[in-house]
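The whole structure should be built from the sequences, with the hints applied where relevant.
Number of protein chains: 2
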Amino acid sequence: MVKFVYAFEEGNKEMKSELGGKGAGLAEMKKIGLPVPDGFTISTKACMNYYENNKKISEDMKEQIESYLSDLETKTGKTLGGKNPLLVSVRSGAVISMPGMMDTILNLGLNDETVEILAENSDPVFAFDAYRRLIQMFADVVLGIEKYKFDKIYQRFKEKNVVNLRKIVEEFKGVVLKETRSPFPQDAKEQMYQAINAVFESWNNHRAIVYRKINQIPDDLGTAVNIQEMVFGNTGERSGTGVAFTRNPSTGENGVYGEYLLNAQGEDVVAGIRTPKHISTLEESLPEVFKQFIDVTDVLEAHYKDMQDIEFTIENGKLFLLQTRTGKRTAQAAIRIAVDMVKEGVIDKTTAIMRVEPNQIHQLLHPTFSEESKGKAKALAEGLPASPGAASGKIYFDANRVKEAVLSGEKAILVRTETSPEDIEGMIHAEGILTSRGGMTSHAAVVARGMGKCCIAGCHDVVVSSDHTQMIIDDRTFVEGDEISLDGTAGIVYDGIIETADASLSEEFNTLMAWADEKRILRVRANADTVHDASIALKFGAEGIGLCRTEHMFFDPSRIMDMRRMILAEYKEDRLKALDKLMPYQQKDFYGLFKLMKNLPITIRLLDPPLHEFLPHTDEEISVLADMVKKPMGAIKERIKNLEEVNPMLGHRGCRLGITYPEIYEMQVKAIFNAVCDLQDEGMTIEPEIMIPLVGFTKELSLMKTLVIETAHKVLEERNHTCTFTVGTMIEVPRAALTADEIAKEAEFFSFGTNDLTQMTLGFSRDDSSKFIHEYVNHKVFDVDPFESVDQTGVGRLMEIAVNSGRSFKADMKMGICGEHGGEPNSIHFCHKIGLNYVSCSPYRIPIAKLAAAQAALK
Amino acid sequence: MVKFVYAFEEGNKEMKSELGGKGAGLAEMKKIGLPVPDGFTISTKACMNYYENNKKISEDMKEQIESYLSDLETKTGKTLGGKNPLLVSVRSGAVISMPGMMDTILNLGLNDETVEILAENSDPVFAFDAYRRLIQMFADVVLGIEKYKFDKIYQRFKEKNVVNLRKIVEEFKGVVLKETRSPFPQDAKEQMYQAINAVFESWNNHRAIVYRKINQIPDDLGTAVNIQEMVFGNTGERSGTGVAFTRNPSTGENGVYGEYLLNAQGEDVVAGIRTPKHISTLEESLPEVFKQFIDVTDVLEAHYKDMQDIEFTIENGKLFLLQTRTGKRTAQAAIRIAVDMVKEGVIDKTTAIMRVEPNQIHQLLHPTFSEESKGKAKALAEGLPASPGAASGKIYFDANRVKEAVLSGEKAILVRTETSPEDIEGMIHAEGILTSRGGMTSHAAVVARGMGKCCIAGCHDVVVSSDHTQMIIDDRTFVEGDEISLDGTAGIVYDGIIETADASLSEEFNTLMAWADEKRILRVRANADTVHDASIALKFGAEGIGLCRTEHMFFDPSRIMDMRRMILAEYKEDRLKALDKLMPYQQKDFYGLFKLMKNLPITIRLLDPPLHEFLPHTDEEISVLADMVKKPMGAIKERIKNLEEVNPMLGHRGCRLGITYPEIYEMQVKAIFNAVCDLQDEGMTIEPEIMIPLVGFTKELSLMKTLVIETAHKVLEERNHTCTFTVGTMIEVPRAALTADEIAKEAEFFSFGTNDLTQMTLGFSRDDSSKFIHEYVNHKVFDVDPFESVDQTGVGRLMEIAVNSGRSFKADMKMGICGEHGGEPNSIHFCHKIGLNYVSCSPYRIPIAKLAAAQAALK
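Sequence lines, in order, name chains A and B. Residues 1 to 859 in the working numbering are what the first sequence lists, from first letter to last. Residues 1 to 859 in the working numbering are what the second sequence lists, from first letter to last.
Do not take every clue at face value.
Note: identical chains are not told apart, hence a pair may lie in one copy or across any two.
To be verified - Derived lysine-lysine pairs resembling PhoX-like cross-links, with alpha carbons at most 25 Å apart:
#	residue 1	residue 2
1	Lys56	Lys31
2	Lys780	Lys705
3	Lys83	Lys173
4	Lys213	Lys705
5	Lys771	Lys577
6	Lys572	Lys780
None of these hints come from the bench; they were simulated from the model.
In structure tokens form, the structure reads like this:
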């Protein structure tokens, strides 16, 4: 026989999956001798059994419930529905707390008879008020009758004396009869079973399902039901009820933090009609209870070794605990509590590291709006929280206009349908970016995260006109210069300007990061293309650059024209001329980066994107270009059309460019080694890592490696230098992963480009997937967006094949990841597990990556 | 010590890789007692050693050569450069015959002295003619002096008497001295070593390298050098030289086939100044030699058990063999010879099957131009031989115009920059298709091969004007109605009309196919979407349909409008209405196919391509559509733009459509099962296989499988039928292959879609790869185009993973391939090896596939 029911005495805090969070907490408190009213828990297994049994409580389960109820009656000396009536609360308690579910029914066991007994034994006003509460709650959560039908009646009676309360109860019962065609159940056990059923049913109500979907909670956990003897906080001024945290959940400050109401039941605190008092005032009103309370919280925290979130009731000067659980906290509080507790000797460093959720600290790293100022602002629209942070400014629809505005001292928000590499400069200058299309991994989102710049993407509420002169939200039209604010952390667009505050990192933060550094095995590098990005990366403790994308260097207006000239060149000679002009720029870029990063490793990826990304699209730009290269516009357009691709993602890019136009890569390599020589002249030693993108065949790599080595040696010989350098490859084409043993023969390092690897392995274009990804999440085709977190089953299997077969050839080969996933905690755990040497992520995610890496090492 | 040199007596026919083809043939003939002049072979190893040794003949090798030369002198009683002068020929002989390489030097050993001795011993005219030939050949192939410099001199002397020949020789020596600043070498050994060097060098001359690249011959095989005592066919009318085949290489007819010249040396046959005579005439001119010749060819064929290609010389009535090798033959001859030889008891069926190159029989299956008529026609341009066959007709640049023209009785050639699914109808009606862009696997190429329709793709010589009204080849402009012919087998475009002849299959062909059917294990199905395709497939012996693409069914003009209406529908209700109109069409299609194929299996793939492929692109078409659906053109354009994708290949298609618009798949499934019921009413039993495309996640398949099963059961219940059917999936997304063990839990069969699997695994868009694939072939990044033959190292590894992990869950799961590779012999071998159950290919490739499958089974 399956055990479905447990008395509180039978459980403990480890039994959360069976007893639910609340049940396990009650059992544990009972176990360590804290004052908890008696009761029992119907387990989560019982809930699943209910569903398996066609939504019926089996005879077997019923027998167990009756038996435990009978024990409870014996313990309390009272009987449910009897002469000495036992009143109970019925509360749900899932393994993971779920606000969408039915919560609580109090005072269960009252009926027309027992209420009279209760009135006699205590206070009639209290008794009938309790009965009226029961009917109202029961009607709401069990019978599904709308609340306002009761509120209307209750409000009609000004004075809540016994006479009126009796009338209210009668009218409430009338509502129940009218709405359900059945009287309010007088049989106390029937009340209880109906309540248990209602809790079970609430596991699958719409809100609960949605909540689980959003929070990735499995559907087959079920909820437990806690049946517990009532204690009353509303029996007078020596009674009360409240909630408290053992430390401040917002700041992490040590000391009890909470609020309570005297002469009230739990729902009164929630309802917000009376304003609760700060917990510290309890010392005055009920000093001995306060002392007891402080003792209890001390015991609880010492026992759980973590900050607790407590519900309590005081009945006639006696404290009862109704719930304890690990308290939710802000990132700031999480870090402070973890560090403080180590200093207090409560936990060790490992525990402290494990206790901070890496993703949560993201909010500490970006500028933010205060909750208060957001509360006052008007929300206009909601999109995807593509890159956290906060930004306010004037709207511009054009990247160049953004730049102009910013250079003339304004703060600008770039608004586009979607962004393209041409918009880079505008993105650099903008405070934030808003796009109406695109997903979490669209161009705007990826680049913005890389820059640590606030971005809201895929904001479908915003309609940007096709000529990019205005945007419409609902019926309101916004033009250039109108002011908005973006909360990139929440994905909300606000009207007007909201002031922002810069992130400042606390001492505790630095302490925790230092501990993480001690524990982790994975190195953490940054994806950084510019000195600016690299400086931020260093500030956050980057241990090198894992991905320096050289293409971004060409989008600067002073260079893009030469880049375009190079692309349009019909003869190699013309192309070489244009490349000669570009080389000094690249050399300067590399010089700056090398100098800044000193002896830290830098992986430079040679040109990757298809050439058409650099070409202009508007007639105006094309005409400027045509003038410059002295060709007819038609010829330029023809060439642009010629370079267009059906599937650019799978087209002429990466090393395919290097193979068809070796002179481009040669120029880049010359620029790198001239910069190396310049710095060696200044006494520094640089050991660049040169990375070939989009390799699928060993021969591609060997051709490009030869080109790199020969070009490098030419420069080094000319300048009479030597230099140690390595040539490696991205693993981003599935074939490269599958044939890694072959490719390892040529590669000196591997760097997983999981963005493209995911696109190709899944056959998902991230630019296009927004059209169906919503349905995919709905249908739970995948648990988590594979562009957010490495798809370990599919892409991950490929990565493992690559690591193992690559290392089968070169046991100590350096391997890392430089895709977006390199900054995502679950993916970092995976990278640790398969034995990568480092992860590389956007500068703003470096602390997150370090923490996640430490947790992975400690797991 | 490595053995570099072999006397003919030391070798045999198995030693081809060491002795080269020619050397092994000479050795074998010597071994079986045929009349072969004495000599020795310097091995291919020696050639590679020469390159390893900085292009020098090592002392060791030289010693061996000297020793074998000395043996030859002993055997012949003559001395190289001596008083009784030994004259030799020096010929290259690679493992695989290579026309690009240096071939032959004759009469080596002649110099100013030995020529006088030869003149004395034989005929001075013959002797000096031989000397002049030596100088000329030596100058050409060893010294690299242009031929015309000698021809000019030779032609100046009308009469070729001794006096003149002496003068010619002097002048020839003068040319050598002038051109090389050195006299013609008088030392016979020096002549020999220079000739050996020249053969070694010719292994890496430009033509040889190009030839190897084109024919996929490895670069490290090297060539052998054969040194052989001269025999002379030019010593009078009882001498001669010729080439012959033991059977007719064109028709396969049994009986010697060849030609010869009396009083001539080999080069005279090649030069074509005198017209050779048919071998049968030898019986008259030299009856006893002819008899000997027939005996020799009989011996050779019986010994080699295959048709031989022979070179021979008759010296003063004595026959000598100078070469034997397996003769090249047409497909027709190959089949006839193989089948005849089985009947003659020479070889067994297995050998016969192994002896016919599957790809070669392609030419038998399509209509063709005769060589004669092609010879008379003017070639205009050359493109990729995308789909074999021959076609003549009037040019049309528009698919609709093609249809009109054909319906009014014309023959039409569709000419496009590239084709799209909208052009299907035009392609169906056209005799052939010519595109200026796209590769061997472009839309035009794939569809044309599927239809068995002649197609030349990627013909860059043709410039189609952007408004599709004319095409320019060189400076000539072609407009609608101009006539051209296409040779799809060779990729050549001809001017004007060339008559074609239909393919007719010989009795021997059918016999060979029947033998192949006995031996093969792989089943062979066809990719066929229509009753027309399926009939051809049946004619060629298809054992079912492995891929029925349902999308092609929508492109018919009577349906495309409802399809477009469906796509443009804003509400599900409108979409359902349009789908209701489409259903009867689909039902009719399936009914026809099921009825035709009877009890053979049919795999139906539900809708796969992105919806935008069905939408119109020209303003005219859009306007028609707008009128029909009563919407402004702007709205239609907006919707079309909205459906456009950045990377359609990785976008909203396949089962992603089924998940977002389940009503589309529902309609298709209803049509299938209504057709099944219709036929069951007629007494047939149909067991359809329903295939879900583009699955990457198990859940996608399980969602779609549920939809299929539920919809099917609804139809079957309504119509009171039962039906056995299966639901399986394409394996075309790398993730599906990697997680095949998971997917096998839902799939009842797998079908590898290697086109898409290749694109995704390699990150190659086949529509875009033409921009760099040329360089890739040049650089030997891959040995063979991965879209032509399965990339076994990369894609193949994925396929193996999928087969093994799929079968680890379901040991007997049916697995096949339906990508283009299913009709390519090497890929078929691979499919056999990894244990697939069937291949599916275009109807015209079915015999090829059957033969390749038999060969795979026999290997």
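The hints, checked one at a time:
1. Lys56 - Lys31: neither (32 Å within a copy, 93 Å between copies)
2. Lys780 - Lys705: between (44 Å within a copy, 16 Å between copies)
3. Lys83 - Lys173: within (22 Å within a copy, 138 Å between copies)
4. Lys213 - Lys705: Between copies only: 23 Å across, 48 Å inside.
5. Lys771 - Lys577: Answer is between; shortest inter-copy Cα gap is 23 Å, intra-copy 44 Å.
6. Lys572 - Lys780: between (52 Å within a copy, 22 Å between copies)
Comparing the model with each numbered hint stated earlier shows that hint 1 is the single one that does not hold.
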